[in-house]
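Just so you know, the protein sequences line up as chains R and Z, in that order.
Numbers given in our numbering equal positions in the first sequence, counted from 1, plus 5.
Numbers given in our numbering equal positions in the second sequence, counted from 1, plus 1.
No wet-lab data here; the hints were simulated from the structure.
Mixed in with the good hints, there may be bad ones.
What the hints assert, rightly or not - Pairs of lysine-lysine residues, derived as DSSO-like cross-links and limited to a Cα-Cα distance of at most 27 Å, are as follows: (1) R/Lys7 / Z/Lys148; (2) R/Lys131 / R/Lys71; (3) R/Lys278 / R/Lys176; (4) Z/Lys111 / Z/Lys66; (5) R/Lys246 / Z/Lys167; (6) Z/Lys111 / R/Lys8; (7) R/Lys50 / R/Lys176; (8) R/Lys246 / R/Lys235; (9) R/Lys8 / Z/Lys22; (10) R/Lys246 / Z/Lys22; (11) Z/Lys27 / R/Lys131; (12) Z/Lys149 / Z/Lys16; (13) R/Lys181 / Z/Lys121; (14) Z/Lys121 / R/Lys176.
Claimed, not checked - Derived Cβ-Cβ restraints for the label pairs, each shown as a range: (15) Z/Asp152 / R/Gln33: 30 to 40 Å; (16) Z/Lys167 / R/Gln203: 45 to 55 Å; (17) R/Val25 / Z/Asp23: 28 to 38 Å; (18) R/Glu210 / Z/Lys121: 13 to 23 Å; (19) R/Ser263 / Z/Gly175: 21 to 31 Å.
All of these numbers come straight from a predicted model, not from anything done at the bench.
Idealized CB from N, CA, C, for every residue including glycine.
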Amino acid sequence: MKKLMNDPERIVSSFLDGLVAANGTLIQRLEGTDVIVRRSSPPQKVGLVSGGGSGHEPAHAGYVGKGMLDAAVAGEVFTSPGADQFFAAIQAADQGEGVLLLIKNYNGDVMNGEMAQEMAEAEGIKTEMVIINDDVAVNDPDQRRGIAGTVLVQKITGALAETGASLQDAKRIAEKTVSRVRSMSVALTPCTLPAVAQPSFDLAEDEMEVGIGIHGERGMDRREVASSEKTAQLLLESVLKEIPSAAPLALLINGMGSTPLMEQHVFANDVIKQLDRDIQHTYVGDYMTSLDMAGVSLTLLAVDDELSSYLQAPVHTVQWTQC
Amino acid sequence: MNNEQAAQWMRQTAKMLAEHKDELSKLDQAVGDGDHGVNMERGFRAVMEGLDEWQDLALSQLMQKIGSTLVSNVGGASGPLYGTAFMRLGSAWKEVDHVDGPAWVSGMAKAVEGIAQRGKTQAGEGTLLDVWSPVAAMFDENEPDWKKIEDTAKKGMKETENMVVKKGRGALLGEETVGHVDPGAVSSFYLFQALANTMNEGGG
Chain R
6 MKKLMNDPER
16 IVSSFLDGLV
26 AANGTLIQRL
36 EGTDVIVRRS
46 SPPQKVGLVS
56 GGGSGHEPAH
66 AGYVGKGMLD
76 AAVAGEVFTS
86 PGADQFFAAI
96 QAADQGEGVL
106 LLIKNYNGDV
116 MNGEMAQEMA
126 EAEGIKTEMV
136 IINDDVAVND
146 PDQRRGIAGT
156 VLVQKITGAL
166 AETGASLQDA
176 KRIAEKTVSR
186 VRSMSVALTP
196 CTLPAVAQPS
206 FDLAEDEMEV
216 GIGIHGERGM
226 DRREVASSEK
236 TAQLLLESVL
246 KEIPSAAPLA
256 LLINGMGSTP
266 LMEQHVFAND
276 VIKQLDRDIQ
286 HTYVGDYMTS
296 LDMAGVSLTL
306 LAVDDELSSY
316 LQAPVHTVQW
326 TQC
Chain Z
2 MNNEQAAQWM
12 RQTAKMLAEH
22 KDELSKLDQA
32 VGDGDHGVNM
42 ERGFRAVMEG
52 LDEWQDLALS
62 QLMQKIGSTL
72 VSNVGGASGP
82 LYGTAFMRLG
92 SAWKEVDHVD
102 GPAWVSGMAK
112 AVEGIAQRGK
122 TQAGEGTLLD
132 VWSPVAAMFD
142 ENEPDWKKIE
152 DTAKKGMKET
162 ENMVVKKGRG
172 ALLGEETVGH
182 VDPGAVSSFY
192 LFQALANTMN
202 EGGG
């Protein structure tokens, strides 16, 4: 394993320091925590907090800023942060209007989020939690993981929150987006955890793993590696099945960490050619990665005018900036 | 069990988890994301670091401190589960400065209830509860038989090998999890083995 790092045990902390050092006008680190907060928020705004294990950069700290998150919590690599870290983020994000937690559907994240909510409620901070479960590789909706679709939920909810909406309204639009967003991924190579120093699973040269999550956990199906065209067809089929409505779509092609933009666009082209639907928004890039895994995920969101307008709203964060 | 024995229990657990860190991570790789050993070692190392500072606390407060330290430092799903278990021991032992048979019964019952609530799980689903639950049932009004407690923990751990995991990342693999011991059950076994060792050394 070759990685550019110092102490593997301190890699998350060093990463956060670097992110702040490079983007100090936009974000700061909450002292004594692994929480990244926005430098300035409009007054009386509902707080938007997300977080989870690290290793998915730019998620989530890269999305802290105007029009998206107020605070992001970074756990150890692929490990949910503790409840006290989520609680610190909630306290930092609260302006008296309450805080919405956007949590990916993993047991650790949900449990720590719930404990943090209990701590916040005890302090008199109103909180709500929306659980994101866009991964159609898993059949049981209760077990479905949150993957790249999470970023679209954060974008849309963040845009609404920026307008001074209430906690309940923020919760409503987050739930609406969750109900209409679906994703699926494929890995060409596994990833390597800095502290474990070996690949998360073995994958032969001629194999790909379909339906992987974002934590190096194994996928649902292993098969012979296919062309971009065929892979696009495979993922599209699974995701489209779960988007029954004929609504226009937002399309997100997400790199898993070490897939070059060239390949991501080759794949995007194949998806767009095969997708015989009205695509209103297209995003291609590394949005929710899995360390150094090679592969892509495909996310479709059935939009309406409301969701569309919030996707188009201005945003200014480290990773996502549009006027 | 008195305060000093509780501290000794934690030191033993920390030592055993550090020794078995790689084994636990490897077990986790088969059904999850492979960091259970790293996380548990980190959590109990933090508990060790706190122990000197907590030596004058009441037993109940000591358990609360251990619980919140585990939540903060283990992270993931294991942090809230282990953390909740110790916090429940703390709340069960408010009036207790020496844990005897009846106190073990009430404490362990509350710990098991806490794990089940927090994890929305029950025994038989291939989790650490499959160790905690039978162990809790082994305590009665009498002074505990530590050999029996340890054997029960071991048996519970081994039985997770035959279970289809219904919770956590392992749940996504379904039937494939049969044949794999649950890493949380293994770390729980070490926890109770450390308890048995401590109590045998201290003569109950």
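Outcome of the hint check:
1. R/Lys7 / Z/Lys148: violated, 46 Å
2. R/Lys131 / R/Lys71: Holds, at about 22 Å.
3. R/Lys278 / R/Lys176: Since the Cα atoms of R/Lys278 and R/Lys176 sit roughly 35 Å apart, the hinted pair is violated (cutoff 27 Å).
4. Z/Lys111 / Z/Lys66: holds, 17 Å
5. R/Lys246 / Z/Lys167: holds, 25 Å
6. Z/Lys111 / R/Lys8: violated, 45 Å
7. R/Lys50 / R/Lys176: At roughly 14 Å apart (the allowed maximum being 27 Å), R/Lys176 and R/Lys50 satisfy the hint.
8. R/Lys246 / R/Lys235: At roughly 17 Å apart (the allowed maximum being 27 Å), R/Lys235 and R/Lys246 satisfy the hint.
9. R/Lys8 / Z/Lys22: With Cα atoms ~22 Å apart, R/Lys8 and Z/Lys22 stay inside 27 Å; holds.
10. R/Lys246 / Z/Lys22: violated, 42 Å
11. Z/Lys27 / R/Lys131: violated, 41 Å
12. Z/Lys149 / Z/Lys16: At roughly 22 Å apart (the allowed maximum being 27 Å), Z/Lys16 and Z/Lys149 satisfy the hint.
13. R/Lys181 / Z/Lys121: holds, 25 Å
14. Z/Lys121 / R/Lys176: With a Cα-Cα distance of about 23 Å, the restraint between Z/Lys121 and R/Lys176 holds, given a limit of 27 Å.
15. Z/Asp152 / R/Gln33: 30 to 40 Å: Violated: the Cβ-Cβ distance is about 53 Å, outside 30 to 40 Å.
16. Z/Lys167 / R/Gln203: 45 to 55 Å: violated, 28 Å
17. R/Val25 / Z/Asp23: 28 to 38 Å: Roughly 33 Å apart at Cβ, these two residues keep to the hinted range, so it holds.
18. R/Glu210 / Z/Lys121: 13 to 23 Å: Violated - the Cβ-Cβ distance for R/Glu210 and Z/Lys121, about 41 Å, lies outside 13 to 23 Å.
19. R/Ser263 / Z/Gly175: 21 to 31 Å: holds, 29 Å
Hint check: violations occur at hints 1, 3, 6, 10, 11, 15, 16, 18; the rest are consistent with the structure.
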